[in-house]
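Visitor: The residues making up each chain are set out below.
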Amino acid sequence: MLQHTLAELSALLLARKISSEELLRAYIDRNETLGRELNCFISFIPELALEQARRADKLLQTGEASALAGIPIGHKDIFCTEGIKTSCASRILDNFIAPYNATVVERLNKAGMVTLAKTNMDEFAMGSSNETSFYGASLNPWDKQRVPGGSSGGSASAVAARLLPAATGTDTGGSIRQPAAFCGISGLKPTYGRVSRYGMIAFASSLDQGGTLTRDARDSAMLLGEMAGFDPLDSTSVDHPVDDYTGALDKPIEGLRVGLPKQFFNSKLDSGIADRIDDAIKELEKAGARIFDIELPNTHLSIPAYYVISPAECSSNLERYDGVRFGYRCENPVDLSDLYCRSREEGFGKEVKRRIMIGTYVLSSGYYDAYYLKAQKVRRLIRDDFQQAFSQVDVILGPTTPSTAFKLNENMDDPLNMYLSDIFTVSVNLAGLPAMSIPVGFSDSLPVGMQLIGNYFDESRLLNLAHQYQTVTDWHEHTAEGFEL
Amino acid sequence: MSIDSSEIRKIAWLARLAPGESEISDSALEMGRILDMVEQMNSIDTSEVEALAHPLDICARLRADEVTETDNREHFHRIAPSVAEGHYLVPKVIE
Numbered sequence: 001m002l003q004h005t006l007a008e009l010s011a012l013l014l015a016r017k018i019s020s021e022e023l024l025r026a027y028i029d030r031n032e033t034l035g036r037e038l039n040c041f042i043s044f045i046p047e048l049a050l051e052q053a054r055r056a057d058k059l060l061q062t063g064e065a066s067a068l069a070g071i072p073i074g075h076k077d078i079f080c081t082e083g084i085k086t087s088c089a090s091r092i093l094d095n096f097i098a099p100y101n102a103t104v105v106e107r108l109n110k111a112g113m114v115t116l117a118k119t120n121m122d123e124f125a126m127g128s129s130n131e132t133s134f135y136g137a138s139l140n141p142w143d144k145q146r147v148p149g150g151s152s153g154g155s156a157s158a159v160a161a162r163l164l165p166a167a168t169g170t171d172t173g174g175s176i177r178q179p180a181a182f183c184g185i186s187g188l189k190p191t192y193g194r195v196s197r198y199g200m201i202a203f204a205s206s207l208d209q210g211g212t213l214t215r216d217a218r219d220s221a222m223l224l225g226e227m228a229g230f231d232p233l234d235s236t237s238v239d240h241p242v243d244d245y246t247g248a249l250d251k252p253i254e255g256l257r258v259g260l261p262k263q264f265f266n267s268k269l270d271s272g273i274a275d276r277i278d279d280a281i282k283e284l285e286k287a288g289a290r291i292f293d294i295e296l297p298n299t300h301l302s303i304p305a306y307y308v309i310s311p312a313e314c315s316s317n318l319e320r321y322d323g324v325r326f327g328y329r330c331e332n333p334v335d336l337s338d339l340y341c342r343s344r345e346e347g348f349g350k351e352v353k354r355r356i357m358i359g360t361y362v363l364s365s366g367y368y369d370a371y372y373l374k375a376q377k378v379r380r381l382i383r384d385d386f387q388q389a390f391s392q393v394d395v396i397l398g399p400t401t402p403s404t405a406f407k408l409n410e411n412m413d414d415p416l417n418m419y420l421s422d423i424f425t426v427s428v429n430l431a432g433l434p435a436m437s438i439p440v441g442f443s444d445s446l447p448v449g450m451q452l453i454g455n456y457f458d459e460s461r462l463l464n465l466a467h468q469y470q471t472v473t474d475w476h477e478h479t480a481e482g483f484e485l
Numbered sequence: 001m002s003i004d005s006s007e008i009r010k011i012a013w014l015a016r017l018a019p020g021e022s023e024i025s026d027s028a029l030e031m032g033r034i035l036d037m038v039e040q041m042n043s044i045d046t047s048e049v050e051a052l053a054h055p056l057d058i059c060a061r062l063r064a065d066e067v068t069e070t071d072n073r074e075h076f077h078r079i080a081p082s083v084a085e086g087h088y089l090v091p092k093v094i095e
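Respectively, the protein sequence lines represent chains A and B.
In terms of my numbering, the first sequence is numbered consecutively and its last residue is 485.
In terms of my numbering, the second sequence is numbered consecutively and its last residue is 95.
A hint or two may mislead.
Stated by the list, open to error - Pairs of lysine to any residue, SDA-like flavour, derived with a Cα cap of 25 angstroms: (1) A:Lys268 - B:Asp36; (2) A:Lys85 - B:Gln40; (3) A:Lys85 - A:Asp322; (4) B:Lys92 - A:Tyr328; (5) A:Lys350 - B:Leu89; (6) A:Lys268 - B:Gln40; (7) B:Lys10 - A:Lys85; (8) A:Lys377 - A:Ala202; (9) A:Lys85 - B:Leu89; (10) A:Lys282 - A:Thr479; (11) B:Lys92 - A:Glu331; (12) A:Lys85 - B:Arg78; (13) A:Lys58 - A:Ala26; (14) A:Lys350 - B:Gly32.
These aren't lab readings, by the way, just hints derived from the structure by calculation.
Remember, predicted model here, so these are calculated numbers, not experimental data.
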């Protein structure tokens, strides 16, 4: 039964052909043998999951269960889970038991989903390889010498290896889409404000957005339908109606205008990726999509602006980790300053400290205008470029990443090179737009991701396009050697 | 862009971090390189552009001034490093 997608499992559970407990036990067994190899999880919680599964089975017996009832899921360890360790992959939160649930977790719990694991990630979601995790990197099931991408690397790796049917993730600069691309699965980052950030540990508050990592677009649509919606507990949550995402999947895409930004197809793009994207464009044309060339002229400024805005917000958000109220505290502090400084120095990893330092610098007296204000102005230009493009096309299409999954340790000593792996994804966060990555084939046996970018709150169109592509191709059904079902 | 060690020490203090000597010199080099990359922003003129702080131009929501949160002190103290008699303990601040 592990071969089934979320949508198929839902039908089986609702028809009472399988029980939630039976399904969960099958996933637990698979994880016993294959889970440890990939280091996908920070916490694996089968006992608590069994209690949830039994409750879901009771709900399913009443005939009033939701479509997601009884299905196991993993939550990125950035989402607070009441009574369960929530570490954000950092030493500073290694002992942190969250006192409440994130809204995303609360909603999926209410829908009857079963939390089997908290997934590995880059520390505080700062990284593109999962290697900054305090618990060590999770690995890519397609090649265990390679990274799964990041920061939602554990979620992507687990779904790709069929260790979970679905997982949550967060995306500040590409942290759902890039690992989805590297691991050959479907990843959706919704519009900023679409999914509540309450209880989602903050990295860069104007960029962070929770989303889904699933096998296909239909599963993303099902999950998003439950996760999305206004939340009074999140001051940046947007009160906008939630579309019927699954209902829109089967619409024909005849006449849909798809734009290819010239700046995404440059000489730095791996030729194997360019070829796969070309193949996918041909498939969409066959289905009736109309293809246009478009311009996003300020794309090259997105990484510079992002590496001012995100560290600035990070340095401010991470001030709360001071060794006083929760989390790690250094041994024998001599005074209050020593307590703050040493708890933070010992509790945070290298990349997190690097970003706190950059953020503190760009916000410090005398530098604010040159860096932070300048970056906010560039941010407007980037957003305006997208709005100009969306006056001509319905969806923007391009590669998710400039290369396929890179090797472990390849970029750890070169932060700038690591930052550039998000070149096609960060502009979307700066503009606050929804986007997804779906698998479109392989280059040198490694998965290639195609990125679809939509206008604000147009998730249903992205999911529709992705689903239509997935009905005529089977790239989303491939599994890595050693993880077949 | 070059940043010297004394500037790194100042930033580290503002950020309440305590880097060792080798981290300070590494940071100086790395931050210089990252800021060089960031300065590509100066290739365009933005003097006429308004800053954008938030992608959706939304304003802060208001709510009635009512107490909505309950007292969770005991709950929160259970996850604190050091507490006594209902207070968080820190090293002595005033002699």
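Visitor: CA of A:Lys377 to CA of A:Ala202, is that 25 angstroms or under?
Guide: Since the Cα atoms of A:Lys377 and A:Ala202 sit roughly 23 angstroms apart, the hinted pair holds (cutoff 25 angstroms).
Visitor: Checking one constraint from the list: CA of A:Lys85 to CA of B:Arg78, max 25 angstroms. Satisfied?
Guide: holds (13 angstroms)
Visitor: Verify the proposed pairing of A:Lys350 with B:Gly32, using a straight-line Cα cut of 25 angstroms.
Guide: Holds. A:Lys350 to B:Gly32 sits at ~16 angstroms (cutoff 25 angstroms).
Visitor: Run the distance test for B:Lys92 versus A:Glu331: straight-line Cα separation, threshold 25 angstroms.
Guide: Distance of about 15 angstroms is within 25 angstroms: holds.
Visitor: Quickly compare the C-alpha distance for A:Lys85 and A:Asp322 to 25 angstroms and report which way the hint goes.
Guide: holds (19 angstroms)
Visitor: For a C-alpha distance cap of 25 angstroms, please report whether A:Lys268 and B:Gln40 respect it.
Guide: holds (18 angstroms)
Visitor: Tell me if the straight-line CA distance from A:Lys58 to A:Ala26 falls inside 25 angstroms.
Guide: Within the cut-off at roughly 19 angstroms; holds.
Visitor: For the pair supplied as a hint, B:Lys10 and A:Lys85, is the alpha-carbon distance within the 25 angstroms limit?
Guide: Violated, at roughly 35 angstroms.
Visitor: For a C-alpha distance cap of 25 angstroms, please report whether A:Lys268 and B:Asp36 respect it.
Guide: Satisfied, since the Cα-Cα distance of roughly 20 angstroms is no more than 25 angstroms.
Visitor: Just to be careful, I want the Cα atoms of A:Lys350 and B:Leu89 compared with a cutoff of 25 angstroms; is the pair within it?
Guide: This hinted pair is violated, its Cα atoms lying about 28 angstroms apart.
Visitor: Between the alpha carbons of A:Lys282 and A:Thr479, is the straight-line distance 25 angstroms or under?
Guide: Within the cut-off at roughly 24 angstroms; holds.
Visitor: Need the status of pair A:Lys85, B:Leu89: alpha-carbon distance at most 25 angstroms?
Guide: holds (23 angstroms)
The structure fails hints 2, 5, 7 (numbered hints given earlier, in ascending order).
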